[in-house]
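So you can see what is in the structure, the chains are spelled out below.
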Amino acid sequence: DAGVTQSPTHLIKTRGQQVTLRCSPKSGHDTVSWYQQALGQGPQFIFQYYEEEERQRGNFPDRFSGHQFPNYSSELNVNALLLGDSALYLCASRKRDYNEQFFGPGTRLTVL
Amino acid sequence: DAKTTQPNSMESNEEEPVHLPCNHSTISGTDYIHWYRQLPSQGPEYVIHGLTSNVNNRMASLAIAEDRKSSTLILHRATLRDAAVYYCILRGINEKLTFGTGTRLTIIP
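One line per chain: the protein sequences are Z and A, in this order. All residue numbers for the first sequence refer to my numbering, where the first residue is 532 and numbers rise by one. All residue numbers for the second sequence refer to my numbering, where the first residue is 143 and numbers rise by one.
Extracted from the complex, chain A is given alone in its bound form (with noise of 0.2 Å):
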């Protein structure tokens, strides 16, 4: 499995937005770039993905370099309610989610 690589854990103020990144160097052609998240005490959440374009959806932006070797997850307006764990994911169409340890995000009132 391609790995990805997070910070380990992020602070942001609230209402400011929060820029989230992800090495991912080893990917391949095929694999789609996903963003999950994990409130506590939930299960993990679907943020968004993508595969080569940047893509924007009701949640959050991804940010995708040219040479799709990195990535970023834009939250525009941090809110209290986006404290959580947030997992960066390379997966092929149809194939297992392989989650590393993520980025523990934390909201600064």
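Next comes chain Z alone, as it looks inside the complex (with noise of 0.2 Å):
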């Protein structure tokens, strides 16, 4: 079992680009959540999809935006990027009314 798999590792963009962000579930799992993590500080949560819908949205602006497919794999894209965005940014997984998350190893991304 490959866990939770992120892509890609590390990413360089400049102000205003837009960026896409991929996330593999865990086998079996149904629902993924997305979470930035500024340097120094816990995960902040950005928003949740199950069943291909947003479920939960933490306070992140329009800007952020995602979307999850059949195979339950998701993207997370934002756009406008300002130098505030570079953090990484982790996906994690779990089954739906389990309480176990799996997270993966993230994507770090740095605004220029």
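Read the hints as simulated data drawn from the structure, not as lab findings. Some clues are possibly wrong.
In silico DSS-like links for lysine-lysine, alpha-carbon gap of 30 Å or less [claimed, not checked]: (1) K211(A) <-> K145(A); (2) K211(A) <-> K626(Z); (3) K557(Z) <-> K626(Z); (4) K626(Z) <-> K145(A); (5) K557(Z) <-> K544(Z).
Given two chains presented individually in distinct reference frames, assemble the corresponding complex, making use of the accompanying hints.
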């Protein structure tokens, strides 16, 4: 079992650009969440997807959007990048109604 | 979201037990108590969770106070690999995880 995988590992963008990050959940998992982790801080919840719909959303602007595909994989899109969007972006998956959540290794995004 | 309070940092000697405290005085009846840890340069890792009763698994034990306003994560025999940031989180079923700043655990060889 590969666990949660994320791509790419690292990414460098410039202000104003758009970025797409990808996540494949652990086998058997149907719920995917995305988190942003700034340096020295705990992860902050962005949103959660289940059955291809956004189910919960954290305090993030509309520049952050996502998608879940029929195979449960997910994308996180960020438009009009700001310097403050530089962070580690984490994807987590679980089975619906289960407590344990599995995190991927993250994508390190640097905005210059 | 119900809040948790943890010490910013703790130190422990290798091969000794470690008790990591967490206060959550505003916990609701449906909140589960979760512990995750994050090793350097990795995503968070699930450690354990509980609702009312004490819980044990291969990684750790979770001791929950009778009034559920506090809990303690117990690592029975710390190793260098246990050095990490430990997060105590309250979460209702299917709800998001709200991370605080956690406790940075340092293991002294």
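Outcome of the hint check:
no.: 1; hint: K211(A) <-> K145(A); verdict: holds, 11 Å
no.: 2; hint: K211(A) <-> K626(Z); verdict: holds, 28 Å
no.: 3; hint: K557(Z) <-> K626(Z); verdict: holds, 9 Å
no.: 4; hint: K626(Z) <-> K145(A); verdict: holds, 25 Å
no.: 5; hint: K557(Z) <-> K544(Z); verdict: holds, 28 Å
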